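Protein chains in written order, with this note's numbering: chain X, 1 to 447; chain B, 1001 to 1169; chain F, 2001 to 2104; chain C, 3001 to 3381.
The set of hints was computed from the structure by calculation and includes no laboratory data. Please note that a few of the clues may not be correct.
[Claimed, not checked] For lysine to any residue, the following SDA-like pairs were computed, each having C-alpha atoms within a straight-line distance of at most 25 Å:
1. C:3048 x B:1163
2. B:1166 x F:2090
3. C:3302 x C:3209
4. X:48 x X:380
The model shown is predicted, which means the values in this text are computed figures rather than measured ones.
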Amino acid sequence: MRDYITSYLNSSGTPGEAGNIFWITVYILLIFAGVAAGVICMNWLERKIMAHMQVRLGPMRVGPHGLLQPFADALKLLLKEDLMPEQADSVVYHLAPLLVVVVAFTVFIVVPFGPSHAVTDMNIGLLFMLGVSSMAVLGIVMAGWASNSHYPLLGALRSSAQMVSYEVAMGMAVLTAVLMTSLHGGGIYGVGGAQESGTGTLSMIGIVQAQAGQHVWFIFKFFPLGLVSFVIFAIAMVAETNRAPFDLPEAESELTAGFHTEYSGFRWSLFFLAEYAAMIAVSSIAVTLWLGGWLRPFPNWHGPQVAIPGFWQAGSSNGVVDLILAMAPVVAFVGLGGLCFLGAWRMAKNPLFRIQMLGLAAFGALLALVGLICVVPAVRDRVQDIFWFVAKVAVSMYLYIWYRSTFPRYRFDQLMKVGWKVLLPIAIGVLLATATLGVVIQAVMAA
Amino acid sequence: MTPVATPFFFYLLAGLALLGGVLVITRRNPVHSALALILTLLALAGIYLMLYAPFVAGVQIILYVGGIMVLFLFVIMLVDVGRAEKEARFNKQWVVGVVASLALGMLFVSAYVKGKALFPERLARLAEESNTQEIAKFLYGDYLLAFEVASLLLLVAMIGAVVMAKKRV
Amino acid sequence: MEAWSQISTLHYLVLAAGLFLLGVIGVLTRRNVVIILMSIELILNAVNLNLIAFSRLYGLHGQVFAIFVITDAAAEAAVALGILIAFFRNRETVNMDEVDLLKW
Amino acid sequence: MSPTNPIPAFDLKEKTYLDSNELIINMGPQHPATHGVLRVILKLDGEKVLGLECVIGYLHRGVEKIAENRTYAMFNPYVDRMDYVAAVSNGLGYCEAVEKLLHTEAPPRAKYIRVILTELNRIASHQLWLGTHALDIGALTPLFYTFRDREEILKIYEKYCGARLTTHAFRIGGLQYEAYDGFQKEVKAFCDFFEPKIDEYEELLTTNRIWIDRTRGVGTISAKDCIALGVTGPVLRASGVKWDLRKAQPYCGYQEFDFEIPTGENGDTYDRYLVRMAEMRQSLRILRQAVDRVPDGPIMAKIPKVLKPPSGEVYHSIEAPKGELGYFIVSDGSTQPYRIRVRPPSFVNLQALELMVRGQLVADVIAVIGTLDIVLGEIDR
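All chains should be modelled from the sequences, with the hints used to inform the complete structure.
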């Protein structure tokens, strides 16, 4: 038993490949917990960041700087009465939020947090991800229809039309990146670096490895083609997740709350959870396809070799740059902990604030402790990839919040116009241009 | 990833598929039928995975579940379900229909019993790892003409659907 | 006992036949046009299953064909549902028995 | 002359003709975007609006009837509660109407302070409009910016008369309170503070692609239709009619100030937005002039303690932030008015809603309700 568990630690594949049920379970649980924690963080961060953009403070009461606000909200939602409209179709009504949540979490099975940090690596990973996330539409349509009410129905029709339409542009942008995996050569235009051959792949891990092999993130590949396809995907993914400025299905001022108007309490919170999980999921697709997945910035730049006994071994890929960047998680966590200490120190010196101050300091200490744990070589090496991946996803999540506080909302016909008449033609053009350029450059290089 | 091709999974998925199929033709409410059909489609996608056809399974989920069924649900919502629910579920010739279908079923059974030798037990182990690439080679090689015709068909269908569903012609 | 524990092509064919029959029964007995269309989807899926089951015996042609079938299913669904909407708009019903005019 | 819209009006009671897409939706009275308790019955074809009917009266308090049982001075606070976001303008209109009935006039110092407070009020009203209008269209942030800056105006009010919203700032015949020490300085400081803030709002919206898409060509109304329906205020001016009562029939000494009437060209939501933004700048211009020139002198005209206007009738209208605000007062010579009839701008402007949104989309209804800048307290009275 013990051997069965430890045997995986030395393998370099994903638990799914190794067929190790124990580690599959562990990874699924880790991802479930991680995504749920991510949703909680997003909840708090979105409020705080938006509040500061809008000259207000945001939650400040529950816990220091409102840190416990998401938990208070979750508690409130759980305790709320679970209402259902009398005329609603009860089976479908109850099934819809479950379906949405299951879909949102299933997607994470193939998300590669590192070369071996994924539940499994499918040959059709990307197809699986797009397919499963397209099933979220079903849940929304079901919710809207089952509520038996006009506003949810309108919201559901809107969102299904919107999601199906943007899937097309999204697919074209994704194809561009997939096409890039099949190209040979390194560097932005595939002319420099090692002429490593690549075959096209839909596997999420394979896509990142192709970026590593070609020595370029696909956002920079064939500049500006990679960038354009990334931008198209970035726009489509906002529409796909029904977020501002494409949040028509839940346009508060028009349709009250869209498809989940009639839901309350726990079931509503499931929709909320699914929405944020889906945001994280599409961001991970973007990161995997264009931003080099788990690769750190400049992964081929190692610098002079150094060796620290018992901590850092010298090697061809263990240079000083590697050492410095390996410390990034430590710096990030200790820095966050330091910010918490600063906040605690700046808090009003009043006995009433003592608990809050101690709480914030304790939270800072916890973060710093996590940072220090990341120094341990065994942890450090395993956490590296996850850290860079999560950091890139976090940037994308910040963009979501930024959009939401900046842009007005599109009207439905305009949204469709943008999707079909602007994004789709550009995406197809970029796809064709990428294919042409790839073929031409390979022919030239071969000659 | 190796598909877990155990009998247990086969019977589970086959059971789900048949259950979905039965529900499709018996439910009074079309939305319930559509959901049952989705269950069948997903179960079939699982079976395709067991048959080393991951690409078709992916296409099944994206196109069928994410596309065609959403279209179905969309249309069911546009047309009024309320009245359809009150009407009789089956038409008058349902007895004849069932009898005819069962006769067809007997035909199948006899064919399978008689022609068992035609289905060899051997299973060619297909290269699952390169399934997508292999299919691509077929699609853009041997079947290129069919592929282009299919895309033309889709275009025609799209135009047809738009013309059909347009308000006032 | 052997036949139950070892999944052979025949198992898949029987399942496909079952789905096919269910689809045929649906088409022949139901009155709601939408459900008839869905039954047709069932039939198409049964065919797909056959194709893919045989592709394990005779190579990938079956899978390629299955993809074409799915494409055709999409085209068929789009046109059929378009007709359905036009029909519903004129007759305010989705009952198959009332589709008795070739033109209106 | 009847209003023109190429899309035919739709009778809401008519039975639908075999069309699966037609849908009747009740927007309000509890709806986040109807600015109060307005109920709009929409008839939709998918997302397209075929017709609508406004149901008003949820906020009816019988203000006009109450006036018949109150003395002239006692009724003064009631008018604040009609258009509660522009209470000062309401008070100005009422006080001036009664003064006209009494054949008297407020002294010059009172008039200047009235102008200052009223223009501040115009800015505050437009700020509130901008914030909520942008919120309706989905931009969350302008709301907080405008409320932050509106606070400065409310602070001035609070310091001047103790109230922030329903100020009751004016009295018949002048003012009750002398301006506090540093009043002019604070107003001036506000002008300097607020000028860059308008640029800030405009930076968020004016050149924003989505904002332009959402507002340009939406809810268009021609000058002819505006006049036919009696629409006034920024809505009328955005259609290209240079009509502002401050210039057309100056009251309260507005003839002494140098300002322009901003007008639009297309009469769409975007033009109305631009007109209101420009109006805020013009208000600042008036404020700057007024603050520098406030004369010394009494703040109250010589009027009797008990007001008994001679019997007769009077109609006086002013340019409130939302349009022409008119008071028609009939006096029978007693201490109480025989009848008061208010012509609220929102009530008249709301009539244009049906014409403006017919044939447009649901989302545009929200945008147009926002751009009309209605206040239900004033519509229902």
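How the hints compare with the structure:
no., hint, verdict
1, C:3048 x B:1163, "holds, 20 Å"
2, B:1166 x F:2090, "holds, 12 Å"
3, C:3302 x C:3209, "violated, 56 Å"
4, X:48 x X:380, "violated, 30 Å"
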